[in-house]
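Engineer: Listed below, chain by chain, are the residues.
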Amino acid sequence: GEEVAQTPKHLVRGEGQKAKLYCAPIKGHSYVFWYQQVLKNEFKFLISFQNENVFDETGMPKERFSAKCLPNSPCSLEIQATKLEDSAVYFCASSQLGGVRGSYEQYFGPGTRLTVT
Amino acid sequence: RKEVEQDPGPFNVPEGATVAFNCTYSNSASQSFFWYRQDCRKEPKLLMSVYSSGNEDGRFTAQLNRASQYISLLIRDSKLSDSATYLCVVTFYSGNTPLVFGKGTRLSVIA
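Taken in order, these protein sequences are the chains called C and U. Using the working numbering, you'd call the opening residue of the first sequence number 3 and step up by one each time. Using the working numbering, you'd call the opening residue of the second sequence number 2 and step up by one each time.
Hints in this document: simulated from the structure, not taken from any laboratory. Incorrect hints may appear among the rest.
[Said to hold, decoys possible] Straight-line distance between alpha carbons at most 16 Å, and here's what the computed EDC-like set of lysine to aspartate or glutamate pairs gives: (1) C:Lys46 x C:Glu4; (2) U:Lys43 x C:Glu59; (3) C:Lys46 x U:Glu4; (4) U:Lys3 x C:Glu44; (5) U:Lys46 x C:Asp88; (6) U:Lys46 x C:Glu65; (7) U:Lys43 x C:Glu5.
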């Protein structure tokens, strides 16, 4: 589509439960990024994909977080055994392969607000 | 030292005013530069990319000074609808690489 789509809008999980978030990039965009926004506007990069392949996972907590982008399916971010500190808004962004004047613009979805109780 | 620094504000300005935001970045090899705006509880929306030659889009003008590692955003003739948090964003590498965000500058335009 013309916009990045994310589902669900809100997700509430008890500590220790699993959470799964979904993202559909803009049609034709090859790159997908996941970011976590906690209080006070702190954005943290988690992981990026080029099509189905992990491109950069330097921000990804290894133990409980996993992500996939499979052909013909929305990308997903899964958190096993959620903790209170995982409460945040998770944004997905997509970008196209070639930049514009050397600038690789990323477009964000509306986010998923995860609350861990 | 934070990687991207901004004055958090808030900047409270009357309608019609001109307001300027500044941002400094620590990595001299930074490649791409952007201003995003974020409304409360919404996603960041790309306002403009910032090029070395500077660029203008209507009431918005962005400047980049690589020598001083400094980016600015000027908003002329402020509207109530400009009230938002303005995020200074850079990338450290070329290509499709992660965005590094400042904490944002809060702007309130008052009638």
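Engineer: Determine for every hint whether it applies to the structure shown.
Structural biologist: These are the hints, each one checked on the structure:
Straight-line distance between C-alpha atoms of Lys46 of chain C and Glu4 of chain C comes to about 25 Å, which puts the hinted pair past the 16 Å bound. Distance check on the hinted pair: Lys43 of chain U and Glu59 of chain C sit about 25 Å apart at the alpha-carbon level, beyond 16 Å; violated. A distance of roughly 12 Å separates the Cα atoms of Lys46 of chain C and Glu4 of chain U; the hinted pair therefore holds under the 16 Å criterion. With a CA separation close to 12 Å, the supplied pair Lys3 of chain U and Glu44 of chain C stays within the 16 Å bound.
Our distance criterion of 16 Å between C-alpha atoms is broken by Lys46 of chain U and Asp88 of chain C, whose separation comes to about 24 Å. At most 16 Å may separate the alpha-carbon atoms for a hinted pair to count; Lys46 of chain U and Glu65 of chain C exceed this at roughly 31 Å. Between the alpha carbons of Lys43 of chain U and Glu5 of chain C the distance comes to roughly 14 Å, so the proposed pair stays at or under 16 Å and holds.
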